[in-house]
Amino acid sequence: MQHYPILSIVTLFLGAFLTVIFGSKNETVRKFIALVASSISLILVLMLIKPVMIENNVIQYWMGNWRPIHDWAIGIGLEVDSLGLFFGIIAVVTIFLSIVFSFRYTEKDSETDKYYVLFLMLSGSVLGLVFTGDLFNMFVMIEIMTFAAVGLTAFRNYQEGALEAALKYLVLGSIGSSLVLAGTITIYSQVHTLNMAQISALLFNNLTPSTLFAFALLLAGYSLKAFVVPFHPAAPDAYMSAPSSISMAFSGMVNKAGVYAIIRLVYVLYHAMSFKSIQLLLIIIGTITMFVGVTMALAQNDFKRLLAFHSISQIGYVITAVGVSTALGLTAGLYHALNHTLFKGLLFLTAGAVFYATGTTDLNKLGGLAKKMPQTAAVFLIGAFSISGLPPFNGFVSKWLVYQATYQANLAPVTIVALLVSVMTLASFIKVAQSIFFGQMPKEFENVKEVPLSMRIPMWIMAILCVLTGIFPNFVTKYLISPAVSAALNVGKYIDIMMGNGYAEKILGKPVEIPAVDYVLAGYWNPVAWLVLFALLLLAVTIVAVAGGFNTASLPVDGDDSKYEVFFGGEANEYSHVKGNDLFWGLKYDLRHYFGFMHDAHSGIINDYALWAIFTTTIFIVYIFLLVP
Amino acid sequence: MILVNYIACIILIVLGFYVILTKKNILKIIIGMGLVDYGINLLIISIGFNPGGTAPIFTFSELRPESFFVDPVPQALTLTSIVIGACVTAMALSLVIKIKEKYGTLDADKVRRLNG
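Chains A and B, in that order, are what the protein sequence lines are.
Per our numbering, the first sequence starts with residue 1, numbered consecutively.
Per our numbering, the second sequence starts with residue 1001, numbered consecutively.
These are computed hints drawn from the structure, not numbers from a lab.
These numbers come from a predicted model, not from an experiment.
All C-beta atoms, glycine included, are put in the ideal place defined by N, C-alpha and C.
Some clues are possibly wrong.
[As the list claims (entries may be wrong)] Chain A is nowhere near these chain B residues, computed Cβ spacing over 12 Å in every case:
id, residue
1, 1007
2, 1018
3, 1033
4, 1037
5, 1046
6, 1059
7, 1065
8, 1074
9, 1088
10, 1092
11, 1103
[As the list claims (entries may be wrong)] No more than 27 Å apart at the CA atoms, straight line, and that leaves these computed lysine-lysine pairs for DSS-like:
id, chain 1, residue 1, chain 2, residue 2
12, A, 478, A, 372
13, B, 1100, A, 108
14, A, 108, A, 31
15, B, 1098, A, 114
16, B, 1098, A, 25
17, B, 1102, A, 108
18, A, 114, B, 1100
19, A, 114, B, 1102
20, B, 1100, A, 365
21, A, 108, B, 1098
[To be verified] Computed, partial: chain A to chain B, Cβ under 7 Å:
id, residue
22, 29
23, 165
24, 607
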């Protein structure tokens, strides 16, 4: 059991190397290696649930058995507490489903051996990041992650903009990595250790200007990796140009790695959430992130770019909830992180399926695909309902918790923004559903077929998980979220396991009690009742449709009767699908100054994006120096 | 004098960021990234430096009670960081070659097909 974490990481890296050696010639071999490596890693991590989540152990592993000497950590240690494991589970599920999806999805690409090598490296580095207990190891892992992610962004380099997106990602990513490295080394210069447990113990109530400076650098660096708003503009480009299975991995685990690092930093390393000003900083950037993300998404015309902006917006919810820093707020944040992985992964997979079937993701070219791809349309609707927060799907649960947490913390304006963002999310998914799956189908898509089974299976697994986490929030909270929240709020245990018993108690004092989240406050909301209502409505609609109640037969088909057709200037209009651009033009017109400003701000020039990142870092540094005592 | 190191590394980092922010040639932006990297490497080495310390490698005959080392950990970190920096530069340069082939220019103002 003690060796599971390191084995789960090493398996993925080993898979990458084996793919280089044996997989370069044979397609089957490389698929086999990728599948075996990702499933072994999945099984090993899932086997950690029982000891870590339920029995509440913390697993520690010293590389090369270099244990601490005289209470001083000298080796590199892995430490898996329930917070790390929570993100680990998110990562391995994403990896496994994404690999299964890519088997058929990448069949038209050449050189897929490089794809699997980079993908396995990306996966291994994310797992390494969430399982490590060493600050510098975190930097190395995040750098491997950026590196592999850039390679994968440019994988389809014949596509419009893929190279450009990769370059932007690389430049911004290495600015982030430089900030992280500078922060790490500044901490090292103060405390002379890199072990996170020991740093956490040494920094408690012991903040100097140097460590505060390091905090600002690390926070900015990890925010850049999580793509919160002023650092975000490389993200939509990268998500849009990468293959969809990779976009899913980006929003499912690369983003989450940044979120994990922020949580680890503010809660565990610095105990910073006792400062009101740090809470406020996280809540402000979170709120800005969710608002800017969703308004940018409203104006997009590309399916994947739109999803990318929604991804940014949902990360805003997570950061806001994490910033609230009560047990309820952290529960909301982690729950939303889990749900975001599920529904956004699902939506990116449907985007991949649409691309696989039609060869485009442009909202203005697609239409009426629900007739040809009914299963993709069904899972898309589940994903869209989930992200928009409709009950009984999972987005509702976590968004409700976010509203509740922010409102209880006397942050009513934030609650209102969160509600507004949720409404706009729904609006933009109405637009997507209308312009891709419903309405009139363009002539060139007559021969479109449903995607193959191996692509549908991951989508259905994600969809089922979306429904399950929506219907059984009590189980999810009890077995996954609450242990993770407890690990984030009770740092003492994390330190004790690594440094020996009693090390933390003399510094930290008593552990914090985690109140049980019982969903009593959720009012009249009963997920099972909503599911029954949903099923009844679905049944009713089906029965009416089957019984001919909608009477579709009486409508003219294929222009039997010209009086039902759409006319334009006296002439029958041949093709009159309501496109993505045609929806919400009133809203866009009324807010044209805002949209114009935001469009100009995302200018696509690397220098501008770098300026945003460095400017925001400066603001972080100044803010933290001025407001944190 | 160790202070010179700190001043130099801050100058390197600031110059690197200046290049990234103001130069429109993508190749120069990558040189800027390199400068930031070198500045941080110098910072790491300077943090581990003890005036008068020897290299952290010894044999039994050399070890005397009055001898002391420079901190070996930052040196290991610097090595890692240099390797990563070299990889990033190589990757960025390969991207630049491809961009030059595809766009026909290295001007950051023209390499902006993805925007808005």
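Query raised in the report: Hey, residue 1098/B versus residue 25/A, does the alpha-carbon distance stay inside 27 Å?
Result: holds (25 Å)
Query raised in the report: Is the nearest Cβ of chain A still more than 12 Å from the Cβ of residue 1033/B?
Result: violated (5 Å)
Query raised in the report: Can the hint on residue 165/A be confirmed by a CB-to-CB distance to chain B that is less than 7 Å?
Result: holds (6 Å)
**Report entry** Reported absence of residue 1018/B from the contact zone with chain A (all CB gaps over 12 Å)
**Finding:** violated (10 Å)
Query raised in the report: Hey, does residue 1092/B actually stay past 12 Å from chain A on C-beta?
Result: Label violated. Min Cβ-Cβ 5 Å, cutoff 12 Å.
Query raised in the report: Should the label of residue 1046/B as a non-interface residue stand, given a Cβ cut-off of 12 Å to chain A?
Result: violated (9 Å)
Query raised in the report: Per the stated criterion, does the least C-beta distance between residue 1007/B and chain A lie above 12 Å, as a non-interface residue requires?
Result: Fine: 16 Å to the nearest Cβ keeps residue 1007/B off the interface.
**Report entry** Separation of residue 1103/B from chain A, once the least beta-carbon distance is taken, above 12 Å
**Finding:** It is violated; residue 1103/B is separated from chain A by about 8 Å at its closest Cβ, not greater than 12 Å.
Report task. Could you grab the alpha-carbon distance between residue 1100/B and residue 365/A and see if it respects the 27 Å cut-off? Result -> violated (30 Å)
Requested in this report: Against chain A, does residue 1065/B hold up as non-interface, every C-beta pair farther apart than 12 Å?
Outcome: holds (20 Å)
Query - Satisfaction of hint between residue 114/A and residue 1098/B, Cα-Cα up to 27 Å - result: holds (17 Å)
Query raised in the report: Quick one, is the residue 29/A hint okay against chain B at 7 Å, beta carbons?
Result: violated (26 Å)
Checked against the numbered hints above, the structure breaks hints 2, 3, 4, 5, 8, 9, 10, 11, 12, 20 and 22 and satisfies the rest.
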